[in-house]
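Q: If you want the building blocks of each chain, they are given just below.
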Amino acid sequence: MHAVPVLLTVGAPPSAGLLLSALLLATWPALAAAEEGERASAGAAPASYADVSSPAGAVAELAETPSIDGVDAGSADIAAAPADSDRGADGAEALVAETGTADSADAPVEETGASDSANAPVAETGTADGGDAPVAEASAGDSAAALATEVAAADSADALGTQNSETDNAAALAEVAAETDADAGLNPPGAEDAPEQPASLETAIAGLAERSFKVKQQAADDIAASGDERAADLLKALLNGDLYYRKDDKRIVFAEKSAAGLALTDALTGESLGEVGSRDAAKITVNNLMRNSLRTDIATLTLASPDPNVRLSAALEMVGTDDADTLAALRAQRSEESDGRVADAIDLAVAIAELKSEDAAVRLAAVESLRGSLYPAARNALGGLLASETDAGVLAAAEGVLADIESRVQTYKIAETVFFGLSLGSVLVLAAIGLAITFGVMGVINMAHGELIMIGAYTTYLVQLAMPNWIDYSLLVAIPAAFIVSGLFGIAIERTVIRFLYGRPLETLLATFGISLILQQLVRTTISAQNVIVENPSWMSGSLQINPALSLTYNRLYIVVFALMVFVALLLILKRTALGLQVRAVSQNRAMAQAMGVRSARVDALTFGLGAGIAGVAGVALSQLTNVGPNMGQAYIIDSFMVVVFGGVGNLWGTLVGGLTLGIANKFMEPWTGAVLAKILVLVFIILFIQKRPRGLFPQRGRAAEG
Amino acid sequence: MGLLTSMRGDTGGQIMLAVLAVVAVVVPILNLAVPESSPWHLSTYTVTLLGKYLTYALLAVAVDLVWGYLGILSLGHGAFFALGGYAMGMYLMRQIGERGVYGDPVLPDFMVFLDWQQLPWFWHGFDMFWFAALMVVLVPGALAFVFGWLAFRSRVTGVYLSIITQALTYALMLAFFRNEMGFGGNNGLTDFKDILGFDLQSDATRIALFLASALALALGYIACRGIVTSRLGRVAVAIRDAEARTRFIGYRVDRVKVAIWTFSAMLAGIAGALYVPQVGIINPGEFSPLNSIELVIWVAIGGRATLYGAVVGAVVVNYGKTYFTGAFPEAWLFALGGLFVLVTLFLPQGIAGLLRMLRRRGGGTDGPKTASGEASA
Amino acid sequence: MNWSADQSIELLRRDRAFDFSSQRQRWLAFREAMRRDRQFDFMISAKDLELDVSHGAILYIEDLNVSFDGFKAIDNLNFYVDAGELRCVIGPNGAGKTTMMDIITGKTRPDSGTVYFGQKIDLLRLSEPEIAEIGIGRKFQKPTVFEHHTVFENLELAMAGDKRVLPTLFAKLSGAQKDRIDEVLATIGLAEHARRAAGALSHGQKQWLEIGMLLMQDPHLLLVDEPVAGMTHQEMDRTAELLLALEGKHSVVVVEHDMDFVRSIAKRVTVLHQGSVLAEGSMDEVQNDRRVVEVYLGE
Amino acid sequence: MRKRTLLKSLLMGAGLGLGLSASMTAVAEEDTIKVGVLHSLSGTMAISETTLKDTVLMLVEQQNEKGGLLGKKLEAVVVDPASDWPLFAEKARELLEKEKVAAVFGCWTSVSRKSVLPVFEELNGLLFYPVQYEGEESSKNVFYTGAAPNQQAIPAVDYLKDELGVERWVLAGTDYVYPRTTNKILEAYLKQNGVAEDDIMINYTPFGHSDWQSIVADIKKFGSEGKKTAVVSTINGDANVPFYKELGNQGIAAEDIPVVAFSVGEEELSGIDTKPLVGHLAAWNYFMSVDTPENDTFIGTWHDFIGNDKRVTNDPMEAHKIGFDLWVKAVEKAGSTETDAVEDAIVGLETSNLTGGTAKMLANHHITKPVLIGEIQEDGQFAVVWQTDGEVPGDAWSDYLEGSKDLVGDWTDPINCGNYNTVTKECLGSQAAE
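Residue numbers (the numbering used here), protein chains in the order written: chain A, 5 to 711; chain B, 30 to 406; chain C, 159 to 457; chain D, 403 to 836.
Please keep in mind that the hints were generated in silico from the structure rather than gathered at the bench. One or more hints might be untrue.
[Said to hold, decoys possible] Straight-line distance between alpha carbons at most 30 angstroms, and here's what the computed DSBU-like set of lysine-lysine pairs gives:
1) A/Lys261 x A/Lys287
2) D/Lys630 x A/Lys360
3) D/Lys629 x A/Lys417
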């Protein structure tokens, strides 16, 4: 961070405009060319544009990495606390840009240096120390700045010709080492030049209405830098896309959807500006780069937030920082931190920083405090340490801790794989269980099963259309709805076609195959050939973070549970209810059942309806995982048959166990074999398994099964 | 044994062969002799189309042999068809030689841009037609033999058998989709130039291929007919109707099954080999389980357990497909799906059954033996 | 598999089997061997094992045990049949009659015990077709004939002879074989139905057809399961004659519920109960046996 | 007489085949110019291709309102190859031989194109192929109005590398030729730019792959090792929804690991709940959100034609528009629809594309296109965050592949060859034979 105060003191005001043009330079090579024209400093530039396909690419390539390393090492020499690479780099580049004004000869090169990711640091400083930069830092940073210029210049020179290779960096380092002190003394004046003052919120915010993301980002950073208490809310609004600007006067506003279109309130004053048509105000779009820096900005602004989750994310954002002030802030927060997870995160951040300490004892302590931490950052930091560490004791400790972490991570990995297997398995079970009724119990080779699933999924879609503002509850409605709709389709199919085909399973195969074609085309023509959107309710998205190494996604979690619920329900229906009894009777001996006065026609219809309904319910679940489209049924029909047959036709337990087994087997093979081969192996396995157990896992017993 | 004697008492078959002969004579004339201008001219498009139908017909016969007479519902016969096709495709690929886009004398194009250095072992020999021709029957045959030997010895029957045949073709499909396999992945094998030195695009070659298909169908038909009329054929039907009983009177059921199953697979392979040069591409899609199901449906529509029915079914369904996809591109699936449903509901014996009914009207007594709809499921 | 001496003997024995023409055996044998290799067939053909009944008995069942998940269907059963004998087996349902037949014909494998056909042949080592080949024929409780074949074809298929794949493919009916079939047709009284599909026959006719198929197999031992179920009295009498006619040339085991019928044919009767022999002897002895009466009338 | 009924009915059956001959020979009426539409309306590809069919119908209608072409009305002939590759070849033959169409607009997947290619070359027809593809092809009879790899993949990677500072790369794709080739090109390109072997992770999945748990977990791990990571996705249509859903659920935000997709456009997004996707990228040559008058009118007419202003437009649609315009211009220039005349006329012609530039038909039958990088927004649209300066000419043969770096396609004299080796100065392959 030491480079940056200087950037404020020296750089900011004069260089603002230039920075801006430098930024544009990166994105719009056209502009770049123009600017070159103005400056008669074609020196390096043409070459650089010449040799790479995308000009912007070339520009950015030029001064990037080496200068980073340069400053890093350099500031390490000078400064009390070392500068972490990206901060250092930013500082350096910003400065480069600044000095660019002084020395026009290498202007293009330096601008390119500035161009690629310059301005985050501006924000950093602003927030980190609201402008009271101690002079010591200034001079120190200043020298860092100066040498950065050297480095940038030196390197960009190399960069033109060759790729940035180790040797370049080495050269850079050497230079840095040589010239540091000299430069440190040479140009102090920069420090006094500009009175430092963060851009005020009002001025900063205007930039948001611009079209260029670079400008917007600059504006956002200025906002963060302003140290204004409204900043955090503004930035959050920006991040969430609630921030609009009025097209006529480019006034920045909060907007909410309203009857007329949008209800606006001024972003700064908070005064209501009434409603306007949705055309009159435009959302301020943000891109990845902005989101990144926004998140960091917000984090620094919200480290002290009352909400522990906010604090946690803030702390995690800061993991890996070396910035003394940030660390200080963290330590301060740590002392009054109540929430355990946040405390851990903070400790992690602090420890990782301390790994770089000169004092071996401190490093050792840090290593120990990382023991058992599952955060990837911890592993990476330790890994890094192993490479650089000189002190034997620390080295040993680090290795030990790392090994310990690795082993724990491994166990969680296995747990994860099992979960993946289970969830895949339960999807198979869901898809197959309806078939276990229509095919297993009734002996109907129901090729339309997949389409019944599809109908269930489309029902979900329609339900969501019907209740757009209640997405979270839509599934609760969709499940019974899908059951009924698919069930009715099933009954219709049974009454119109299948009932004429009992005892002739192959005819049922042909007929239902025909039906499946019809249903598909029906959906294509009535709804659309395209996939349709089925939204995930909020409670289905995201994942349950058990620890940094193991998290289970909610939708999968729910689906595993759901599959089991469906299974149990079905089991109860078949074992406990009168219908179930009749179903089993009919399936075992139709004639006898009829003789006993079972109205087999009705039972058949209901049974098939039940199977179809379950398929529909499965459709609801699948709509949460995958696309809903006319072809979705095809994707599951074959797997479903595999599961049912593997488990043993006519045996629900078989379907359950079969499905889960195949799922888990598949997932354990995948890492070794890859997805495709895994599936193939599973199929081969089924084929061979059927050789051993010609009637599946749980064969049907008794004479009925013979023949 | 005199195969032709087997045609006795098979009116449907005789007529089918007669029609086939007529077509085989008329088509070349209409295509080659009749001038373009004449309304009677038969476009090469149609010839190729008919050629394709004939190979499908042969495939259908192969399926009917195992399903209609042996009671094995194979949902994976497409696999044997495709394997035969690939064997032929590999030969045609090798024939391209330097005319590939990269001009590599040995490697097919797809290997060049996946920059493979030399030919995988299983591609060797396919530059020779006789070898390819041998593989066309051996590869499907061998696969069928191993699969059958396993499955039938351990007495896998009914839907279980059907589903694992499906698993077989499904697994093969996924495998052939993988580019590492060295069969061109999803694109499969295409852009063929010529066969045995004759340009594939020329009308003469197409006619020749068409005639070859017709001949293959005729021979295949007669051979199958020979089997089903032999005592072995009667044993097969016996197995279909009462497997255990057949075993108790001393027949090695598993071996009878393996033998006929393997033969059927070889027929399918030949059909595939004739199919590829006519449509000009073979790719893993041919392995898709849905294809295999569809071809069972041809047989069902034609009339199970009547070989000529299988032929008729294959031609009718595919003609229907060609016609509908052109005539009502939006709605043809309704038509096709509807056809399947209606046939199963109202023509359980398929078209052949319909014909028999007509004959009965005419006072016929002896219908050919047919399966009850029940396969050993 | 390791080639022990007697296995090679088996091979040699096997050769004899395939000479129908009775000349140039070796050459035929050699060709057969080749052909078998082509068919990847390493099974020992049981067809040529010699049936040795020198000790009088044709079927030895000793210490036989079978249980289906817990339930003991056959409990330490000992049962012997003499060559040429006609034996009736009776017993209440679940006594294990059918199970016993299943074991003899290789359909079910016992948990323990031995089943020998003559002195030499261990039936437990053979498959159903092999058992059929060595001359054990079976008629099922529920008449199973090939419904889509004509009566004639049913008999043709059952006819003894080489039943491997290729021979079957190229098989032709010789005059002698035709005569044999006609003969059997006459015996079972279905001559005028020869061309009808078996499916179209009446229940009783099917029973006969099945017996006819047994005869065509020309087995040493016939296992007849409930031959007269669903027959009229006349039909029953004819069946009785039929079976009696077989006595002497063949050994016959009849399982039947119908006591009158049993009395009409039986010399020796065995009563099975709960999977083991309850009583054995002439009809009268058995009928007066107290335990038998208990079993049938008691509780 | 019994025989006769049987004979009749059987002839009926077999005669169906012959029956074709009559219908085949029906000649097109003279007063219209037929335009073939060869897009799957059923089967797996219908999802993407039906839209293109409608697009062509719209273009034809527009042209007829303008008074047709050469004084004749245009007539669109639609057939359904049903996502069945051999059927594509058959239908192509039908269009060219039976329907005698002047040009065909169609195909989506590479395999369908490969399947019809020999037919078009044999019957000397015209095919306009509107989808981005793997390159490595230049046929006399095909015009590639979609992007070649150098018009999509490479600029996108440059953007990630330079603008987002990405250092580690996951190349994830469906296992077929387009992803394979694209990834090979990218791998070569990245290595040239000094990316280490183990900073590149390549992963292939089958079509319609729906269970992404493990793979996404791997990507997460791969990305958590300190360096900025991005996923370059050539995952094919259907598999994308579950992929993105899994990304979202496993908490991989665009800021952490951005995914840049080459096969995900507005059409695909219209089937996805885009909230979790915001910030992920796609590289195309056209976005519906592009703000130009041409685009506005195009979208307008599209909505009027389809009668639903929810329907989106996408890149292949623009490609068809460009292709169609160029064809029309070429026919007018040549004064006939005769294939060779059109082929000669069309090379070098220019028409304005929908993003404010111009598309020029090059000698290798590819066109010039701008490359746009867009970020997915909540409304299922893309916000352009980067674009090339001017158009990039399509390169049939990649410079990064061993086999083809010396090849060029040039259908103008004197070369007149789809795969001309600039080193050996000879024309390779089939064209050489002719």
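Q: Could you run down the list of hints and mark each one as holding or not?
A: Verification of the supplied hints:
About 12 angstroms separates the Cα atoms of A/Lys261 and A/Lys287, which keeps this hinted pair within 30 angstroms; it holds. Using a Cα cut-off of 30 angstroms, the hinted pair D/Lys630 and A/Lys360 holds, with the two alpha carbons roughly 21 angstroms apart. Among the hinted pairs, D/Lys629 with A/Lys417 is consistent with the structure: their alpha-carbon atoms are about 22 angstroms apart, no more than 30 angstroms.
Hint check: no violations occur; every hint is consistent with the structure.
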